[in-house]
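Participant: Single-letter residue listing:
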Amino acid sequence: MSEHEHMDAAVADAPHEAEEHGSGGMVFLFFLIGLAASLIVGWVIFPKLLYSQKNQPIDFNHVLHNGLVSDGCASCHFFREDGTFSGSPTLAQCIDCHSDVQGESEEEKRFVEEYVKKGIEVPWLIYARQPNCVFFSHAAHVKIAKMECVTCHGDMGETEHLRPYQYNRITGYSRDIWGHNIAGIKHHTWERMKMDDCAECHQQKKDMLGSVQTQKEGCFVCHK
Amino acid sequence: MKNEHSHQTTKKFGMVINLDLCTGCGSCMVACMAENNVPFKPDETDKLKSITWMRVYRLTNGKPFPETDVCYLPRPCQHCEGHDGHSPCVSVCPATATDYDSLTGIVSQIYTRCFGCRYCMAACPYHARYFNWYDPVWPDGMEKYLNPNVSPRMRGVVEKCSFCYHRYQAAKDRAYVEGQRDIAEEDYQTACTQACPAGAITFGDLNNPDHAVYKLKQDPRAFRLLERLGTNTKVYYISSKDWVRKAGDNYLPDERPKK
Amino acid sequence: MKIDRRCFLSLAVGAGAGIALSPLPWKLTDDLSIWSQNWPWTPVPKRGEAKTVNSVCTLCPGGCGISVRKIDERAVKIEGMKTHPVNQGGICALGLSGLQLLYGPTRVKGPLKRVGERGKGQWMPISWDEAIREVTDKLTGIRKAGRPQSVAWISGAASNTLNQMLDRFSQAYGTPNGMRLPTLEDAYGLSVSLMNGGNARIGFDFEHAGYVLSLGAGLLDGWGSPVRMFKANTLWKTAGVKLVHVEPRLSRTAAKADTWISVNPGTEAALALAMAHVILKESLYKADFVESYTEKLMDGFRNIVLADFAPEAVAKVTGVDAATITMLAREFAKAKRPIAVCGRGQGTLPGSLDLFFATHALNALVGNINQPGGVWLVREELPSWPDVQPDSVAKAGLGYPRLDGIQTPARISLPNRFIQAVASGKDYPVEALLVIESNPLYTLNDTAMVRQAFSKIPFIVSFSSFMDDTAAWSDLILPNPVYLERTDDVVGVSGFPYPTIALSQPIVKPQCNTRPVGDVLLQIAKGLGDSVAAALAWKDFNACLEASLGERFKSLRKSVVWVDKAYKPAAWDEVFAAERFSFLPNGIAADAAFKPVGIPGDAGGFPLILMAYDTMRLSNGYIGNPPFLTKILEDTVLKQTDGLIEINPKTAKSLGFDEGDRAQIETPKGKAFVKVHLDDGILPGVAAMPRGLGHEAYDAYLAGKGINVNNLMASVNDPVSGFEAAWGIRAKLSKA
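Residue numbers (my numbering), protein chains in the order written: chain A, 1 to 224; chain B, 225 to 483; chain C, 484 to 1219.
Calculated from the structure, these hints are not laboratory results.
It cannot be assumed that every hint is accurate.
Now the in silico label distances, taken between C-beta atoms and shown as ranges [as the list claims (entries may be wrong)]: (1) A:ILE45 to B:GLU410: 54 to 60 angstroms; (2) B:GLU410 to A:LYS118: 38 to 44 angstroms; (3) C:LYS939 to B:GLU410: 57 to 63 angstroms; (4) C:LYS1136 to B:LEU476: 37 to 43 angstroms; (5) B:ASP411 to C:GLY1081: 55 to 61 angstroms; (6) A:GLN93 to B:ASN432: 35 to 41 angstroms.
We treat Cβ as the ideally placed atom computed from N, Cα and C, and that holds for glycine.
Construct the complete structure from the given sequences, taking the supplied hints into account.
Facilitator: Structural data, given as structure tokens:
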């Protein structure tokens, strides 16, 4: 760089210095705009972009059904003889009552016509579905630890409609895993189901902490 | 009271493989691959890259014809205990992807946790660990036979024998719904043990005097692989042949095995 | 007020701060790490309700029970059936790989008609109606022209209702040319009927034997019912029962044997006869049996073995020294419940009868026939159906001699001689060939000749489930469902001493547009009309099975297998009173019975002997190797696409080869490029290659890997029976 050019630069800078104080507010305003916009992006738009949603193939009224069955949740969500948990019911179970249309609900009519009559299983979207690397034993939690369904599933049994199923566009996980709150804050046990949430209880089982690396429970207890 | 406590007692699952009975037929290898969703490629002849949690090695006594003798040696993960669970692979894993569970004695491998540094493979003296150099690909339609109890692995992670831990989980679940806490010896058996047509593999709790492995491991012909490394493995072998027992721990030609 | 650069910088700083204070970066990091751990293209197996369905494996004649684990409608694992008397929960590597055949890429998805040149792989999918009409029209035309004898079939199906139906079809249609691929079972069956009289399947009470002498039988390499043999070996090892194995190569059987006798190739029978020599000379035979129930010993057999099979003379032939032979003979004769058994390798080819005669004579000398822990004659037969009423066309056709030269009605078939006849074109031509549950273009020795024969047959129909070597060379494919999708019966288990009948049944719905051969044949018969339709009037194959199995059909659906565990072989008085056991097979000249079969090729030009061997890790018959089985193949057998040839380091040294060197193996029948593998466990001067590699058809997991050793083998007819009797061929190994 030549000396001449240096001088030019110094002259050109001078007026800016003079205006500095005047533009201070402006700079701060822009800071606020940037801050506000990005907060909106981060807290409001980002979650909307991150999650997509689908509706369940048909609606289902848990309250109504709960009133008709004798054994609560376990009437339809039961343990099989081999110790596995049946999860959402299959057509074979529904067919007992719904071989023909029972009530006046449009949804039921659609269910009977589109699934029961055609013998097609309903592709339920499972809110609480853990990823494939997770082994979760309902038997251990319900039969041995005597935990209630609500502890993890919330008041699902008291809903009259199925809410839309939201899933993460990047991971494909159900939104229930991270929880509805984008910051990951939860107020109830069932509001988030990440590994740390499992660990909250599991770390208290002093006699089961077998891991040599972590002094916690063995990895295989929950992973496959 | 005793019953309530027993499920918490420390188990030490292990295997005793009778090499006198093993015919090297390869059933254990395929049983393992079918059970554990182990992938396959069009060319599997590069054995360093061929994922086989269970592999049958062919040992020879090195003598010329016709004094030549051969012994087949199935090698699952040896589930080393080392000292207090510091098995070679667990000690080096920077990702806590592999771990030793002192309640079962099983060395776990969590694929989603693994980031593929392969330190564990270098550390393992038994070549029991395999790296997924490629994405697993099942020909169209063949993914139908995949077992839902075992998660398929992805490119870039290490995998190995788990002693069919998912079968332990399944057995426990079965017991739980029946109101039991304990499982019987026959309720938890690995896929290879179950398949072996020669009955050469025995699996069970090495701590439990009622289990067959407890007695078998005390057989005077029993030995473990590379015992002098201090890996403290949980897979015992039985052979009535002196040269096989010597080969099991790289003894020098003039050295005598301790038994 | 002016908006300047600082404002923008400030905006950026604000935005940065805002983003950092929002969950975006933290959540995104978490999600991206999850994404990178669970690639979305890694398959996630669907969960569902688990159940187990039992059936019988028909991939080999072993007849093992299988328990298939299903998740909803998917079959996810095949395991051994615990309560099955044959395999008791054990299972072999091939049986375990069955689902790869079911869901595999080599399935023929529906009926196909060839459009391009034969073997070029150009096919047109057609409907089942069209496919059946094509065959029916062709067969009707041939029959109308009065040449029903020119229709032939080759079947690899086990002895069961399907085979009975095929025979019935031939009878009604009017062709004598039904070819069943013979195995050691047939060779044993024929030897037994020539020495014992009558028809029976041979069974071995191995579980109670006290000493086992295997003359080349790959007892632990897939002989008989493989899983049962592994279990028997475990019993022998725990009970201290001695297993002696005679073979030029350290096979798995040899490796597990207590004594391995490495014998010169093709001389096992001589060794057996030398042992008989010692037993007779030292009067070690079992007098009560030999004297009261046998004939042609002192006046026939004895003279032959004493004259020609002295241990010293045989030592020169076999390479086993006289002292060892004498020791073996004494051991065998003095052992409790000794069994001698033969059938080379897995016994997929029958072999020459001299070995069977010699082996069976040893069993007779020690009186271990129809005794606990001995060799049993087992009879289990399906009820026969009412006789076929052939019309005049059929009668005329059946009046023609069989192309394999066997007298009708034929109890055995000689596909080797059939192929030779077709290839030479000397007799009448074959106008149509039906290929069922077999892959003759791959499995028969001298495949070039098989191809030559096939090229003379204008119409070849394959019923294969897979695009195998023969299907690829056919004109029409009418795919059969695989064993996990159809119902079939299995009568008898190879080598098993108890009568059994089992039913293999559908585990899953058909995955492809397939129809069982039985059903298709019935439909073709219906289309042919007249006496053919009348002889095969069942509405479907299940009805046919029911007619064959009767009441048992229903009970087998639940129990899978029926076995007569209380079965006791007939007492000596019953079997050998009317017709004594004959040490010299009836109707065979004494000097011909024990004459060994030579080896093709001259020793001058071809100094080595090439032998084919069988291994549990290679399926070498109709079923091609599934990917799992190929995966567990040793890299000393297959390296990339190179097949390895096994030779002794001494042989290698004399030829200047090192491990892994490329070489050319040449026999009078052909040549191939291989790599050399050095192994101390093989007789110097012998080279060995496995059966089961070198397929031209199938998929990327099998096609073009290694060499089909059958390409290099010559077909040798046993002078006594006509069975395929080649045990090796002269060969030359040169640098490539």
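Participant: Next, verify each hint and record whether it holds.
Facilitator: Evaluated hints:
1. A:ILE45 to B:GLU410: 54 to 60 angstroms: With a Cβ separation near 58 angstroms, ILE45 (chain A) and GLU410 (chain B) satisfy 54 to 60 angstroms, so the hint holds.
2. B:GLU410 to A:LYS118: 38 to 44 angstroms: Given a distance of about 43 angstroms, which is inside 38 to 44 angstroms, the answer is holds.
3. C:LYS939 to B:GLU410: 57 to 63 angstroms: 59 angstroms, holds
4. C:LYS1136 to B:LEU476: 37 to 43 angstroms: The hint (37 to 43 angstroms, Cβ to Cβ) is violated, given that LYS1136 (chain C) and LEU476 (chain B) are roughly 28 angstroms apart.
5. B:ASP411 to C:GLY1081: 55 to 61 angstroms: Given range 55 to 61 angstroms: holds, Cβ gap about 59 angstroms.
6. A:GLN93 to B:ASN432: 35 to 41 angstroms: 40 angstroms, holds
Of the hints listed earlier, the one the structure fails to meet is number 4.
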